[in-house]
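J.: Letter by letter, the chains look like this.
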Amino acid sequence: MKIQHKTNKKPAIILTYMMTAIAATVIFSCNKYLDVKQDSAEALVSTASDGQLLLDNYSAMNTGYSSDGEASADNYYLTDKSYNALSAEDRNIYIWLPTAQRATAAPQWQNPYKVVYQANIVIEAMAKLPAATDVNTVKGSALFFRSFAFYQVAQLYCKPYTATAAQDPGIPLRLSSDVNAKSVRGTVAQTYQQIINDLQTAVSLLPQTSSISSRPNKAAAYALLARTYLAMADYTNAGKAAAQALELQGALIDYNTLNPASGTPFIRFNKEVIFQAIMIGTAYSFPNGVFTQNDATMDPSVAKIDPVLYASYADNDLRQRIFFKGNTGTDTLTYSFKGNYDGTPGNAFFDGLATDEMYLTRAECSARAGDATSAMADLNTLLKTRYATGTFTNITASSADDVLIKVLTERRKELIFRGLRWTDLRRLNSDNRFQVTLKRTIGGQVYTLPPNDLRYVQLLPVDVIANSSLPQNPR
Amino acid sequence: MKFSATNAAMRFRAWPYLKQIILVMKLTTFLLIIILVQASAKGFSQITLQEKDAPLEKVLKSIKQQTGYTFIYESDALQQRSVSVNVSNASLATTLLQCFKDQGLTYKIVDKNVIVQVKQSSVLDKIADVFKSSEIQVTGKIVDEKGNALPNATLKVKGDNYSMPVTTGDNGGFSLYVPGNNAVIVVSYVGYKTKEVTVSGADVQLVIHMELAVADLQQVTISTGYQEIPKERATGSFEVITNKQLNQVTSSDILSRLVGNTTALNFNPQLSPTSSSSPFKKGVLSTLNIRGSNNLNTNLYTGSYPLVVVDGVAVEDNGAGERFSIDEDPVGKINPNDVENVTILKDAAAASIWGSRAANGVIVITTKKGKYNQPMQISFNSNATVTNKPNLFYYKRASTADYVDLQKNLYSLGNYDGTLSYADYAQYGYNQPAVPEVVEILEAQKNGTITADQANAQLAALGNNDIRNDITKYILRNAVNQQYSLSITGGSQDIAYRLSGGYDNDLNNTVRSWDNRLTLSSSTTIKPIKNLDIQTNITYVQFNRMDQANESYFNEAGNINLQNSFLDPYTRLADNNGNPLAVIRDNRPEYIDTAGHGNLLDWHYVPLTDINQGYTKTNQSEITINLQSNYRLNDVFKVGIIYNYQKLNTDVYDLAGANSYYTRNLMNLYTSPYNYVNPATGQPEPFHRSLPMGGIYTPTLDDLTGQTLRGQLNFDKTWNVKNVINAIAGAEMRSSYGVANSNTYYGYNESTLQYNNQLDYQRTDIPYYLYNSQTQLPYNSVNIDNRQRAVSEFINAAYTYDNRYTFSASARRDGSNVFGVATNNSFSPFYSVGGRWNINNEKFYKVDWLPTLQLRATFGYNGNVNYSVSPIATIGYASSVGQNGLPYAYLQGATNNELKPERSGVLNIGLDFGSKDSRLTGTIEYYTKNDKNLLTNAPVDPTTSFTSLDYNSADMKIKGMDIMLSSINIKSSKFSWTSNFMFSYNRSKITQIYTDVITSLNPYSILLGTPVKGTDLNAIYAFKWAGLSNTGAPQVYLNGKPSTDYNTAAFGSNRTALQYVGSATPVYAGSFRNSFNYQNLTLSANILYRLGYYFRRPDAINYSGLSNGSSFLPVEYAQRWQKPGDETHTNVPAFIYPANSTADIIYDNSSINVLKGDNVRLQEINLSYSFKKDNWKLKNVRIYGDIQNLGILWRANKLGYDPDVYDIPRPRTYALGLSASF
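Those protein sequence lines, which keep their order, are chains A and B. So the first sequence is numbered by this note's numbering: it starts at 4 and just counts up by one. So the second sequence is numbered by this note's numbering: it starts at 18 and just counts up by one.
Hints are computed from structural coordinates only; laboratory data are not their basis. Keep in mind that this is a model prediction, so the values were computed, not measured. Among these hints, one or two may not hold up.
Here are the simulated distance ranges between beta carbons [said to hold, decoys possible]: (1) A:S62 to B:A697: 40 to 50 Å; (2) B:N1056 to A:L100: 16 to 26 Å; (3) B:V201 to A:A24: 31 to 41 Å; (4) A:T440 to B:Y1154: 49 to 59 Å; (5) B:Q909 to A:T396: 50 to 60 Å; (6) A:A24 to B:D733: 38 to 48 Å; (7) B:K490 to A:S62: 38 to 48 Å; (8) B:S1121 to A:T440: 30 to 40 Å; (9) B:A697 to A:G253: 41 to 51 Å; (10) A:T136 to B:G893: 18 to 28 Å; (11) A:G253 to B:T611: 33 to 43 Å; (12) B:Y1154 to A:L100: 14 to 24 Å; (13) B:L1207 to A:L100: 53 to 63 Å.
Footprint (simulated), chain A over chain B, 3 or more residues, beta carbon under 8 Å [claimed, not checked]: (14) 267 to 275; (15) 362 to 369; (16) 726 to 738; (17) 898 to 906; (18) 1096 to 1109.
Every residue gets a Cβ at the ideal spot worked out from N, C-alpha and C, and that includes glycine.
Please construct the entire structure, taking both the sequences and the accompanying hints into account.
T.: This is the structure we're talking about:
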């Protein structure tokens, strides 16, 4: 076929127009063309719903809280064999070696700060939105989460709240999500003030109830306030806050309804749980289904319950058989813990807020305020659910001191492996009546931790010191 | 009829002439013999003849009778010639003179013969030498505009329509007789203008330069993807890898064919964690960089590898593949047989036209096209490659017996007590995690199940096994790759076409792994009206791959290198009769045998049957449509539009078979324990299965659509002959849209396609067999919907004066919707300027021996947009619910308000030279790159919630040099020897670190690759080795003294224990290729060298790894410190329990374990034979073969390591192939 060659201007004009059109589109309307969301499953946090979704991320917000406090406390002991199988770091933590220090920030230091970061993103996003019920709930929740995380860090890495709180170095209070902001320590007073201020704001923003205890509500904010005030030894406010929490949620589980033979007698989100949180611990990994031990120290197959503590439970006290199981083989007559309020085996222990803690807090505050009646009432309300049906008789106290001793004894027995013992030890150290010297025996050698020792404040992890300008805690 | 187009067509046309010549020669020979035999022995005599208009032949016969002289002539030379002659007793000479007067014949008397020849006939050149008295012999050479020889060009003397034309030889040379001075030679060559040359003197040595006849014929041009630039006017740094170079290797992907053919690309297997022998990774783009890496962190997803452009359009990959771990290598799908050439754009002037994506260089691939005026030609090519089994014995392990002893030792030290103590909790529903077989035997002995003698016998038996033998025998095989391709090309005056098809079939190194690839492509160029060209390229690729199921342990070669395997070296995969054996995997055999009392599925793992359970099928299809139209408005302006549409579907179907270990294990785990009580009903529900029986099927469907629309105006103007301006300006819009989803189906039945997904994924209390606990069902559903849009504007102009000076400049700006780019740095402009001086065109330049001498220099900026880094934290929506039963979202990235784009300022100076006749040609280039604001994933204050973040943290300077030389060492008609030498020098130096965090990092993070000011980007650091202590503990020089304070040495704030050793990437690298050509046989060998770098010994002992389940016990275990005094002759630390992992870090990374990496290797040898039998129906028949990865010729380390091995050495391959056309 012979194609006629002739000059035809038409295609030229069309092509030129097209080219001009492309150029014009690019130059003048590019912003619109480019204003398309890159990924439908990806967005900036721009609505209350986005914020809620971030806070509902259970594994990020409700799990992985610091466990080194519990690992350092006196609920358990290790055999030499178990001790030797631990990593050097875990061994040092166990015997409170002055140089005991985590090499990496993750998970003990970093996990709570991950919660802080997520909360800050949400707080910043909510600040740009007009106030509305859902915005308030999300903002209040974020403030609560941030406070919960700050509280956790404060129990490990700064001194207990004492008269010198305004001078003692606190924890870095990161209140912005910008990674360029520098971390500074501030003081212990500032740390606790920030937690209290945020929680008070949260109380005003949070709803009365939430659909599930992984979401904070007013009761949770009051309960955390109670816990914080208690750590500060501000018993008036602690008692008040505990009462407000119990007013909103005061249900107790009757332990007679539980199966003591079960490896996991409690269920997750049980009715005592005000706010669900668990420590660093076991993770299931598929398809192997074996333990991944992040904090091997307290693994139930490793940690043996302090025999004195175990013996302190009365025979008709259901907690003995619900909380503990007898070990077998070479470990016969030793016991391990299975009373995790999270309802899972392993060492990811519940360290959230629960009603039993609030009863005990209110009882202690009443006792300290000299109100023995209220104190004993709270204590008996709680213990009635802990003893075998029909075998419990209300306990009584002989003196004001005895009230406090009884309350603290029950606190010790009830709130075991709940992440509270370390804080209680730090707090009670200042009172001669309740001071204890902790002991560990390894290879015949005894290691002790006397009251108010510097080692009650952990060293900041190596890579935190390396990558920030934060000062280290003294030794 | 007009001659046209290429060499191939020309040869085709030359055929009839050749045929005639051959025929004539045959006849001549025949006649010569006949006539010579008849020659009589008569003596010299006088001749008497009286003839009028008699046939010449008759007259000569008469002379022969009278004289005995024999006449030799071509049979038809005398036909129809008559002569009048009248002599009496004349001499032979007189008679002949009369006879041949005005006959157009010449003659010569040789002995008793008279040789008669038609004047100027080249057929009997040798014999005719003597006739040159009346003529001039002209010799010379025909060359193209570049100076390359043109073989088979046709020469004739003007006006001589009788003589046979002469054709040039392979070297373009010719020899021709012309009838005296002022004769005119007419030279013709298809595709070139016919040239007339006047001869002015005898025996002149002519060099005739031919000029291209058709404007659109291939000039020596360089493609930037946006335009074609004539090489002599290009200022930038380009490297063109020709079709011939690409065909030296037979690999089925285009990128691996570039190895050893370019100085620009670093193929660096050492630093790229890809499995060398894995079938999935055949030349992966991400392992490449041009002129050294510009990125501090090579594992940032985008932007760390070169941009690939095919026929003017950038290949998109959208990153969807990354999210699903799908091999979406955009270049892997290109059939190398369809590639005409590859251009690598190295400097700013070359690459800045690609703007924000150019910092890592650009690889421009041009595919083959049909050409106008070209007869139809069909070509085919086929080859087969066999790859050896990967060598699992490369890493030297200690004997299995030693390993058994070590485990015995670990057992006695209590290393397994923790795991064994699970037995104590069996009553609570705890599982029994696996312990090594050695430990099982020792436990059995301890429990009294077997005697000590039995135990020892069993342990001794284990010591004789080696799992590498089993894997080599049962899992590995020789890989076989077959390639077939067929193409049809042709063209008339107004239409040019090329159709091609390719089929590849690969059996990979691991059993049950194969793939195939079908490529179909069509390219058509039409000229519907004058000045308008419309080009349509359509490519379709279908790629299928079949592998073992993803869940199979042996599904890729990476898993079989055994460095970190759970399989102990004494594990056996089959018994002596080849029957598959169960191996210990997750739980102890006793537990597996008894758990569930028969109510659970079989819980054994039998590798050799498991590899057959299920599959992973990958089906990928891609269609690319590329439409380009160009209209020449007038002599100056040309308008062009390109539209490219690309659609890629990647479907991966993974089936964990119903009988696979993975499936059985999962089903067992989601079975309720014996004492489970359903909390809802209060009824006991022991051994209730929550997952339905059947396979687990996960299809992942990924669909990517990319579109590019570009408008471009070309401006070409020449005035006053000497001034040339070429410019382009245009704008481009691109979009890519990726949709992907993945879902898991339980209870899948392969034959009925039934499944059961009616499961309650939200329930958090599904009974779980182990630990008597509850959990959620595993849920996998992913949906991705990703849109990327970008717009660009560009301008590029070059002005050339008198073909001596060229100045160029370019600018471009980009915008994109990607977060971060849109908000922070959209429309960042990139520019370049450049100059070129063709010194050899200067009047003063009179260096005859160096006819080519050209100088170039450019400077400009390239960008690097890293799409994975954003200054704003974004949220992603999870597709499943959490343990609280609520939908949720998660955060991605960090809020970093100070993030800036990376920029690279590139200076390039180049010198091109070529000696006379191109005996030695070469290019020398010097360059520097100043990279600013480099992003690195560096540690940050963990209080921010991040351990490390990608942020601008450093500046870097790269200096380098590329040298390419090619020489023709020997060139004769039969034999030639050419050499190509490539050399590159590339050294990077971190010039600035912005953050205190990095400058104050501890030695261990430096070992892990944190940049350090003043040293290389990829540097090797080592702890200063201070020998072993007298207890066999490793010692390091800390503050100048031997120390065992490992924590301070590795994690402390001072770095005195650390020393800088050198670059981890080769500073000097290159290749040396020699090609030998003897007649039809070509042999070439390529040697690669890499020098000036260091590597860490990969098999230093790690005791803490061994006590935590690693099964790799290196051979040096035998040399470990065992008793005081050993420290004087060994550096291998003592086995101390419990192992100190920091001590292991110190030893493994100490200076004694750093070796020099320098090596020279024989990469490839190839041999090809071309059949030049032109009377066959087939043309250009070529048989070729090659051997690749022949091995190291020399290495600096004495221990036999190949520093470029990442996991397993690349196995040797052998290929054999055939190509031809008709």
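J.: Now tell me if each hint is right for this structure.
T.: Taking the hints in turn, this is what the structure says about them:
1. A:S62 to B:A697: 40 to 50 Å: Since S62 (chain A) and A697 (chain B) have Cβ atoms about 26 Å apart, the given range 40 to 50 Å is violated.
2. B:N1056 to A:L100: 16 to 26 Å: 24 Å Cβ-Cβ, so the 16 to 26 Å window holds.
3. B:V201 to A:A24: 31 to 41 Å: violated, 55 Å
4. A:T440 to B:Y1154: 49 to 59 Å: violated, 33 Å
5. B:Q909 to A:T396: 50 to 60 Å: Holds: the Cβ-Cβ distance is about 58 Å, inside 50 to 60 Å.
6. A:A24 to B:D733: 38 to 48 Å: Because 23 Å falls outside the window, the suggested range is violated.
7. B:K490 to A:S62: 38 to 48 Å: The hint (38 to 48 Å, Cβ to Cβ) holds, given that K490 (chain B) and S62 (chain A) are roughly 44 Å apart.
8. B:S1121 to A:T440: 30 to 40 Å: holds, 35 Å
9. B:A697 to A:G253: 41 to 51 Å: violated, 26 Å
10. A:T136 to B:G893: 18 to 28 Å: Holds, at about 26 Å.
11. A:G253 to B:T611: 33 to 43 Å: Since the Cβ atoms of G253 (chain A) and T611 (chain B) sit about 47 Å apart, the hinted range of 33 to 43 Å is violated.
12. B:Y1154 to A:L100: 14 to 24 Å: holds, 20 Å
13. B:L1207 to A:L100: 53 to 63 Å: Distance hint for L1207 (chain B), L100 (chain A) holds at roughly 57 Å.
14. 267 to 275: With 0 residues closer than 8 Å to chain A, the region 267 to 275 of chain B misses the three-residue bar; violated.
15. 362 to 369: violated (count 0)
16. 726 to 738: holds (count 5)
17. 898 to 906: With 8 residues closer than 8 Å to chain A, the region 898 to 906 of chain B meets the three-residue bar; holds.
18. 1096 to 1109: Coverage by chain A is violated here, the residue count being 0 at a Cβ distance below 8 Å.
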